[in-house]
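Novice: Based on the sequences and whatever the hints tell you, model everything.
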Amino acid sequence: MKFEKIFIFLITLILLLTLTGCTGGVYRQPDQQYLVSGIAFKRDKSRIIAFAETVVVNTESTEQGVSRHIFSASGNTAEESLLNLSGKISKPLLFDHCGLIAVDKDLSSEQFSQVIDYCKKNEQINLAAYMISSENTDILFDCEPVSTLTVSYDLLGVIDRVEFLNGIKFHNRYYEVCANKLRESRCFFLPFVLVNKGEYILSGGDVYIDNKMVDSLELTEGALYCLLTDNFSDGKFEDFEISDSKTRFECDLREDTLFITLNIKADLEKGDYAYLSDKIERTLENLRGNTDIFGFKDRISRKYRNLWNTVKDNYNFYYTNAKIEVKYEF
Amino acid sequence: MSGLTTDYSGIKLSVNLDESVDIIKNIFNKDCVLRIRRIKLPDGITECAVIYLDGMVNNEILNDSVIRPLLTRHEDILTGDIADNISEKILFVNDSKKTDNVADILRAVLYGDTLLLISGTTFALTLNTKGWRTRGISEPEDERILQGPREGFDEAALFNVAMIRRKLLTPDFCSEMLRVGRRTETVVFICYLESLADEKTVSELKKRIQKIDIDGILDTNYIAEHIRDNKHSLLKTTGTTERPDIVAARLLEGRIAVVVDGTPVVLTLPYLFSENFQSDEDYYINFFIASIGRILRYICFFAAVSVPGIFVALTTFHKQLLPTSFALSVAQLRGGVPLSSFVECILLILVFEILKETGLRMPQSLGHALSIVGGLVVGQAAVEARIVSAPMLIAVALSGISGLMIPRLKGIVFYLRIGLVFACAFFGLYGFIALSSLFVIRVFTLKSFGIDYTASLKNPDFQHLKDTFFRAPWPSMKTRPNFNKNYIRSRGDGDEI
Chain A
1 MKFEKIFIFL
11 ITLILLLTLT
21 GCTGGVYRQP
31 DQQYLVSGIA
41 FKRDKSRIIA
51 FAETVVVNTE
61 STEQGVSRHI
71 FSASGNTAEE
81 SLLNLSGKIS
91 KPLLFDHCGL
101 IAVDKDLSSE
111 QFSQVIDYCK
121 KNEQINLAAY
131 MISSENTDIL
141 FDCEPVSTLT
151 VSYDLLGVID
161 RVEFLNGIKF
171 HNRYYEVCAN
181 KLRESRCFFL
191 PFVLVNKGEY
201 ILSGGDVYID
211 NKMVDSLELT
221 EGALYCLLTD
231 NFSDGKFEDF
241 EISDSKTRFE
251 CDLREDTLFI
261 TLNIKADLEK
271 GDYAYLSDKI
281 ERTLENLRGN
291 TDIFGFKDRI
301 SRKYRNLWNT
311 VKDNYNFYYT
321 NAKIEVKYEF
Chain B
1 MSGLTTDYSG
11 IKLSVNLDES
21 VDIIKNIFNK
31 DCVLRIRRIK
41 LPDGITECAV
51 IYLDGMVNNE
61 ILNDSVIRPL
71 LTRHEDILTG
81 DIADNISEKI
91 LFVNDSKKTD
101 NVADILRAVL
111 YGDTLLLISG
121 TTFALTLNTK
131 GWRTRGISEP
141 EDERILQGPR
151 EGFDEAALFN
161 VAMIRRKLLT
171 PDFCSEMLRV
181 GRRTETVVFI
191 CYLESLADEK
201 TVSELKKRIQ
211 KIDIDGILDT
221 NYIAEHIRDN
231 KHSLLKTTGT
241 TERPDIVAAR
251 LLEGRIAVVV
261 DGTPVVLTLP
271 YLFSENFQSD
281 EDYYINFFIA
291 SIGRILRYIC
301 FFAAVSVPGI
311 FVALTTFHKQ
321 LLPTSFALSV
331 AQLRGGVPLS
341 SFVECILLIL
351 VFEILKETGL
361 RMPQSLGHAL
371 SIVGGLVVGQ
381 AAVEARIVSA
391 PMLIAVALSG
401 ISGLMIPRLK
411 GIVFYLRIGL
421 VFACAFFGLY
431 GFIALSSLFV
441 IRVFTLKSFG
451 IDYTASLKNP
461 DFQHLKDTFF
471 RAPWPSMKTR
481 PNFNKNYIRS
491 RGDGDEI
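Protein sequence lines correspond, in order, to chains A and B. Just so you know, we're using this note's numbering here: the first sequence kicks off at 1 and counts up by one. Just so you know, we're using this note's numbering here: the second sequence kicks off at 1 and counts up by one.
Be aware that a few hints might be false.
With a straight-line cut-off of 27 Å between C-alpha atoms, the simulated DSS-like cross-links for lysine-lysine are [stated by the list, open to error]:
| no. | chain 1 | residue 1 | chain 2 | residue 2 |
| --- | --- | --- | --- | --- |
| 1 | B | LYS458 | A | LYS5 |
| 2 | A | LYS5 | B | LYS466 |
| 3 | A | LYS5 | B | LYS200 |
| 4 | A | LYS45 | A | LYS5 |
| 5 | A | LYS246 | A | LYS303 |
| 6 | B | LYS447 | A | LYS5 |
| 7 | A | LYS246 | A | LYS236 |
| 8 | B | LYS231 | A | LYS5 |
Since the hints were made in silico from the structure, they are not lab data.
Specialist: Shown next, in the form of structure tokens:
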């Protein structure tokens, strides 16, 4: 019996120790906070302006229900701007239900890093929040939401829908971006939202490398980019229904030249295969520049450790002169 | 320590009838229901006094089996022991005892026997003429079932024991009588099946009952609180029932029953935690349906204790765990409520308990009206007046209704519910886990008469689980619970006595 008591006590102790992370919360009534549905950051030279789209509950009248408000403030850093923003309003901000983090495509690498670090440090942003890139983050929340209460929640649905229809897999979850940053992977693909005459359009995706936006792709181009980077899920590209796609990455170093082979395997229901392969190769040529937009660097460093040790000091040279071949199994 | 309040060991009956009658009269000198009927026997020499308490005896038996034979039967009673002769040759009563112990005499008279004092001897006869009025057999209000036996105990312990015996037609059935209470001298029967009950437990129980030093025992709970292993535990470690079929079923599992005179509630022990989730009806209806009910009771126990606490924790500490639309809805519906979630929750739990208790104590017709006024009118009005919020009202109501599914745990449910609300309001879900763990530890370390309170959960024997979380079909429940390692575990062939 004594043993049983000790055993149960130890189990409880271990359980409680593992749950110590749950103790950090603050007792606060749900109606005494502004629920943030989305935040956006705009570059203002060396400063950052933070925008918060909030859902405000009218505590005086249940008939008036909830409404949407946008607050903004600027600061030298992302943290400072949000702190200033909090200081301007009557109730604390509740980030637990923040669904969207919009970043200005012009944010510097350092500023982008600040945004990610701030969210991570405070552990208050929902890890599953979507990140988007936009050149109009200052007016993004001024648009009128269509199907939900806020623009942010509306955009979540739009992104999901675009991904489903086009087969694109963005790396736009906050935890994905955060994890990539932690493991020093440099490449993310964020949805790009354009605001025009009070309406928002998901027009494509922005490729970020080293926390800096390097290229902006249209949706069709983005779909092919995803196909080349093994990020395409079942979907439609022009007239092609593409399913079960898999892109195998192979790399070899011969005579100081990198030979990269991309084996694209997919099931196509109909269409002209030659046309599709031609499109893929053109996209490859168009996008390939001096910047490793396809994230080959990450793949080599993970999959070919020895080869990576050889090329890492002069990777840009090797990448620029690399021979890239695409093979198809449709 | 039981016994009459006065020591009667120094008092002896006299050969002179008048003196003996005076002794009894003096003892009951302020009791107006004491009746004394003097009779001169047909031999013309012997005189008797029939002494009884009015209302405690069956007048028909007294008249026909005691007084009439004494007045009419001509037998030679003067040769040999006169008391024995009267008992053997004249009286028609089924049970008579010869005694000269005044304490025994008083106990018998107080328990409805008739005392026969006889001139010329210091011995008296106590005659079984018990016949007080009883409520009769009716279905227990708190243990109503849709299918199965409908009889329930009444307040007469003797009849209650007979009702149990009627279910167990075996000489293996034992009933031992004890008297407890300095002033009430309450009759207590310990019933068990000799081949199934653990001897040590029986003797331990007797020892604990005999140790009870109290002036009166008016209900089984007086005994239950004295004999339980953990006197301050909120969890019941002795079972109670008003149904003879349930007592019989428990005796067949090797348990022991304690029947107390003056109450229809019978104690059974050992009592396991899983019994709190068993319904009397479970064994009389299809096992599929019974199992659904049992699983629901476990779910309801969890809901009853945890819903308000979890709700407070989620809405104040862990809002990220709520779906956004629900979080917004909660925030919106809380709009204007002046109380914090914690105070609001505690207040609503107390109001619910008040309504529940009032409903129980009120006449049934008023009880229904109270439910409508309390549940609908006050609830609706409180929400509209923004004294409480609708989601919290729903959470507390759900918890309260779930608690009604497990009436045997009502005490612990209330305390645990309140405790969890406190823990969640101060520490969030961390407090919930901590307090729940303490409760689980407590449950797993409790004992009921030396048997682990969670014996049915701890033992890896699958047979045990067949009557725990669900009720297996009768043909597959082949063994009894393992309370006593020496007894016959098989319910089948091995159980022949």
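Novice: Each hint needs a verdict: does it hold in this structure or not?
Specialist: A quick look at each hint next to the structure:
For the suggested pair LYS458(B) and LYS5(A), the alpha carbons sit about 13 Å apart, so the restraint of at most 27 Å is met. Taking the CA atoms of LYS5(A) and LYS466(B), the gap is near 26 Å; set against the 27 Å cutoff, the hint holds. Simply put, LYS5(A) and LYS200(B) have alpha-carbon atoms about 25 Å apart, close enough for the 27 Å limit, and the pair holds. For the suggested pair LYS45(A) and LYS5(A), the alpha carbons sit about 64 Å apart, so the restraint of at most 27 Å is broken.
A distance of roughly 16 Å separates the Cα atoms of LYS246(A) and LYS303(A); the hinted pair therefore holds under the 27 Å criterion. A threshold of 27 Å between alpha carbons decides the hint, and for LYS447(B) with LYS5(A) the separation of about 13 Å falls inside it, so the pair holds. For the hint linking LYS246(A) to LYS236(A), the alpha-carbon distance of about 15 Å falls within 27 Å, and the restraint holds. Annotation: proposed proximity of LYS231(B) to LYS5(A) holds, straight-line Cα distance about 20 Å (limit 27 Å).
Against the hints set out earlier in the document, a violation occurs for number 4 only.
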